[in-house]
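Engineer: Its first residue numbered 137, the sequence shown is counted upward by one per residue in the working numbering.
Since the hints were made in silico from the structure, they are not lab data. Take the hints with a grain of salt, since some may be wrong.
[Claimed, not checked] Calculated pairs, EDC-like style, for lysine to aspartate or glutamate (alpha carbon to alpha carbon, straight line, at most 20 Å): (1) LYS259 with GLU269; (2) LYS174 with GLU269; (3) LYS259 with GLU249; (4) LYS259 with ASP183; (5) LYS270 with GLU258; (6) LYS174 with ASP240; (7) LYS259 with ASP208; (8) LYS174 with GLU190; (9) LYS174 with GLU258.
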Amino acid sequence: IVGDGRDLDSLRGRATANVTFLGRQSRARIRELLQGCKAFIFPGLEDFGIAPVEAMSVGRPVIAYGDGGALDTVVPGVTGAHFVEQTPESLLAVLEQFEAGAYDPAACRAQAEMFGRAAFREKLTGFLERTTEKPIINRE
């Protein structure tokens, strides 16, 4: 587990011996960890959630709680899987059927690119042009 969020002490108290807590890590180290994993597990509920997109950007599938932003970023059967309840049992049911090799890393990367800077800039520019009915000058 990477990070040092508010639930760290609670998680440490409940973790079994096979769970390692790495604490806060650099961006480069997080990228290395993501590249070395079979899948990224995202059990949280967030409006967007950048972490699943970061995992997909290095070609890794995501197993996410099927609510909030994960519904927009993780495509079941293509870039990962959703579990339906925020319970260990629901997550375990997906993990038991999950096969990391069944997911194409290129499809994961392509999905992540849909949420990258270039895509955001293009969507925002299009929205502004439609809204203001004026062309937007690109000032890169």
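Engineer: Which of the listed hints are broken here?
Structural biologist: Violated hints: 2 and 9; rest satisfied.
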